[in-house]
Amino acid sequence: MYTPIINPQYHSGAATALAIALLSYPLEARAIDLGFGDFQAHGFLSQGYTYTSANDLFGNSQGAGSLEFHELGMNVLGHPFPNVLLAVQGIYRDTAGSDEEDFRLDYANVDYSLPIGESLTFGVRAGRVKNPIGLYSEARDAIWTRPSVLLPQSIYFDALGLRSPQLSSDGGILYGRHQFGDHAFTAEFLVGEGILESSRDFITGLPGAQGSLSGRPFFMGRAGYEWREGRFRLLFTAIDLDQDFDPTSRGVLPGNVKIFAPLVSAQVNLEEWSFTAEYLRISFDRTGIFPQLPPDPVARGFLVNNTSESYYFQAQYRFALGWSALARYDALFFNADDHDGSATARGLDLPRHRFFAKDLTFGLRWEFAQNWLVAAEYHNIDGTGWLSPIDNPGINIPPARGVSEGHWDLFTLMFSYRF
Amino acid sequence: MSGFYLRIKCVACFDARRGRRAALARCLLGVLLPLLLWPAGPASADSTVRPYTGSNHSNSPLNREQLRAIFFVRQTKWSDGTPVRVFVLPDRHALHIRFTKEVLGVYPYQLRSTWDRMVYSGTGVPPTAVQGVDEMRSRVDATPGGIGYLAE
Numbered sequence: 001m002y003t004p005i006i007n008p009q010y011h012s013g014a015a016t017a018l019a020i021a022l023l024s025y026p027l028e029a030r031a032i033d034l035g036f037g038d039f040q041a042h043g044f045l046s047q048g049y050t051y052t053s054a055n056d057l058f059g060n061s062q063g064a065g066s067l068e069f070h071e072l073g074m075n076v077l078g079h080p081f082p083n084v085l086l087a088v089q090g091i092y093r094d095t096a097g098s099d100e101e102d103f104r105l106d107y108a109n110v111d112y113s114l115p116i117g118e119s120l121t122f123g124v125r126a127g128r129v130k131n132p133i134g135l136y137s138e139a140r141d142a143i144w145t146r147p148s149v150l151l152p153q154s155i156y157f158d159a160l161g162l163r164s165p166q167l168s169s170d171g172g173i174l175y176g177r178h179q180f181g182d183h184a185f186t187a188e189f190l191v192g193e194g195i196l197e198s199s200r201d202f203i204t205g206l207p208g209a210q211g212s213l214s215g216r217p218f219f220m221g222r223a224g225y226e227w228r229e230g231r232f233r234l235l236f237t238a239i240d241l242d243q244d245f246d247p248t249s250r251g252v253l254p255g256n257v258k259i260f261a262p263l264v265s266a267q268v269n270l271e272e273w274s275f276t277a278e279y280l281r282i283s284f285d286r287t288g289i290f291p292q293l294p295p296d297p298v299a300r301g302f303l304v305n306n307t308s309e310s311y312y313f314q315a316q317y318r319f320a321l322g323w324s325a326l327a328r329y330d331a332l333f334f335n336a337d338d339h340d341g342s343a344t345a346r347g348l349d350l351p352r353h354r355f356f357a358k359d360l361t362f363g364l365r366w367e368f369a370q371n372w373l374v375a376a377e378y379h380n381i382d383g384t385g386w387l388s389p390i391d392n393p394g395i396n397i398p399p400a401r402g403v404s405e406g407h408w409d410l411f412t413l414m415f416s417y418r419f
Numbered sequence: 001m002s003g004f005y006l007r008i009k010c011v012a013c014f015d016a017r018r019g020r021r022a023a024l025a026r027c028l029l030g031v032l033l034p035l036l037l038w039p040a041g042p043a044s045a046d047s048t049v050r051p052y053t054g055s056n057h058s059n060s061p062l063n064r065e066q067l068r069a070i071f072f073v074r075q076t077k078w079s080d081g082t083p084v085r086v087f088v089l090p091d092r093h094a095l096h097i098r099f100t101k102e103v104l105g106v107y108p109y110q111l112r113s114t115w116d117r118m119v120y121s122g123t124g125v126p127p128t129a130v131q132g133v134d135e136m137r138s139r140v141d142a143t144p145g146g147i148g149y150l151a152e
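Protein chains in written order, with the working numbering: chain A, 1 to 419; chain B, 1 to 152.
Don't take each hint at face value.
[Said to hold, decoys possible] Label-pair ranges, simulated between beta-carbon atoms:
hint : chain 1 : residue 1 : chain 2 : residue 2 : range
1    : B       : S79       : A       : F319      : 42 to 50 Å
2    : B       : S138      : A       : S119      : 16 to 24 Å
3    : B       : E65       : A       : D296      : 57 to 65 Å
4    : A       : G322      : B       : R64       : 22 to 30 Å
5    : B       : S138      : A       : A315      : 39 to 47 Å
6    : B       : A94       : A       : Y112      : 55 to 63 Å
7    : A       : D182      : B       : S138      : 52 to 60 Å
Hints were generated in silico from the structure; no laboratory data involved.
From a predicted model like this one, the values you see are computed outputs, not experimental measurements.
Ideal Cβ positions, reconstructed from N, Cα and C, are used throughout, including at glycine.
With the rest of the complex left out, here is chain A (with noise of 0.2 Å):
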C-alpha cells in the first residue's frame, strides 16, 4: 500500500514542482555582480542550425543541415563614475565560409555623457565603439536583440563580406539626447576607421582583387525622434566612405571607390504587436581598378556607378507571454535600376538571380525560461543576391554552362542561453 501509492505521487509531484519552478518562476540572476559599483559581466551562447532545399548557408546547409552556426559572447561593463561607462565585449563566432574570423574584440570603449540641465545629454564614446546604424546594426550578434534568427539579410548582410565594416569602427561617437515629455530627439556622430579588410571584394568590384584600403576614416551619421521611449521612432542613416585601392595583383589598377548609404528605418510598438521597416540604398562610384571594362553599357554602369535598393517590412506579434510570431518581406536588388537582374546578368555574363533577392519570413520565437530562448523560422526565397560564394562556389558559373537554383527554401532554429 505504502510503496504504489506514495512513490508515484511523489516522483510525479517532484517533476512537477521542478518543471513549474524552471518554467513558471525561475530565480536564476540576470547578471554576475561584480561587486564593484554597478559593474556587471554577462554573456550568451547561441547554437543555430541551417537547412536550405537549395544553395548553401552557413556551412553545408542542404542535406541533413548545418550545424555550423555558433554565437558567443562575453562582456563587462560599469560605471567607475556616474558620468563615465566602461564597456568591453568580445565575441566567438563561426558561420563557415561567411564568418571566420572566430574569435574577436566587438567593443571596447569608454564613454563620457554629461547632462545640460533636466532635459538635454551630450556625450562622447571612443576606442572600438559600435557603429549606429539602423534599428539593429548595434548588438546584432546576440539573437536577444534581434527579431529573429537571420536579420533582414538585404540590409543587415550576414553571408556577405559587408557583414564586419558594418558592426564595429575604431574611433569615437559624438552623441546628443533631448528630452521633453514623451518626444526624444537623438543624433550620433561617428568617425573612425572601418574593419574592411574582409569586404575588399565587395568595395572594389573585383573579386579576388589583392591590395590595400587607405584614406580618410569614415562618417556615419544617424538621427532620430522617438516618442514614449521607442512606443514610435524613426531613424535617419547615413554612412559615407571614401577609400583609395593600391593594388597588389598583376593588372589591376590603383583606384578610388566612393560609398554612399543613406537608410531610413520606422517602428511602432504596440502593447502586443510590433511593425518595423526600414529602407537603404548604397551608391558605389568607382574609378581605376578595373583593367578593362565590359562593352554592355549596364554591366558597365554597375561596376563603375551604382545604386543598389533594399528594404523589408515586419510584423511581430507577441501572442502569449514568452511567446512571438514574425512574419516579413525582405528584398534586395543589386541594381536598382534593374530589380529582376536581367539587364546586368547579361552584360556580366552571371545568372540573373545573383542580382536580386526576396525573401518573405514566417518566425516563432518562444523564451520558455528566464534567459533560455528557441527561435525558429521558415524562409521563402526566390534570388541569391546576398548568399556568400564562398559557401556557393558554384554559383557564378555563367547560365549557359551550368544549373544554379535562384528558387530556395531556409529553414533555420536557433537556441540561446545567456546570463
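Given chain A's structure and the hints, the job is docking chain B onto it.
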C-alpha cells in the same frame, strides 16, 4: 563541435541539480508570490505601486519623466552626485509589469529591449535584477543612491 555540446550539457546539468535542490522552495515561491501579489481582497487590489528609494536617501517626489530617465538608465547620478543604482524585479513579475505600465507608462518589453541593446552594444549598464519584493527592499535600503519600486 563536441566541446560546444559538452558545455551546453554541463550548463543544463548544473541547472537541473540546482533546480532539484531548490525545487520545493521555488515551487512555493512560484505559487505563493503571484498569490501574494494578486490577492482577491479589494484592499490590496487598490494598492499603488510606487518608486522606493529606501530610508537612506531622501528625494523630492519624482515625476514620470524623471522616473523614465532613471529606469531607462539614462540618468546615472542624483542631484547630490550620488550614483543612481536601479533595482528591478524579473520581467514577468506582476509588480514589475504594473510599475512599468502604471508608473512609467511604457510596456515591459520596451525596457527589456533598451537594456539588452545597451548590454550588447556597450552603451549602458542595465538595472540590477532582484528576485523578490523582500530582496528589493533590502538591496535598496543597503545601497546608497538605490531606487526600486514597491506596492503600498
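Outcome of the hint check:
{"no.": "1", "hint": "B:S79 to A:F319: 42 to 50 Å", "in the structure": "holds, 43 Å"}
{"no.": "2", "hint": "B:S138 to A:S119: 16 to 24 Å", "in the structure": "violated, 34 Å"}
{"no.": "3", "hint": "B:E65 to A:D296: 57 to 65 Å", "in the structure": "holds, 60 Å"}
{"no.": "4", "hint": "A:G322 to B:R64: 22 to 30 Å", "in the structure": "holds, 28 Å"}
{"no.": "5", "hint": "B:S138 to A:A315: 39 to 47 Å", "in the structure": "holds, 43 Å"}
{"no.": "6", "hint": "B:A94 to A:Y112: 55 to 63 Å", "in the structure": "violated, 38 Å"}
{"no.": "7", "hint": "A:D182 to B:S138: 52 to 60 Å", "in the structure": "violated, 34 Å"}
Taken one by one, the earlier hints fail for this structure at numbers 2, 6 and 7, listed in ascending order.
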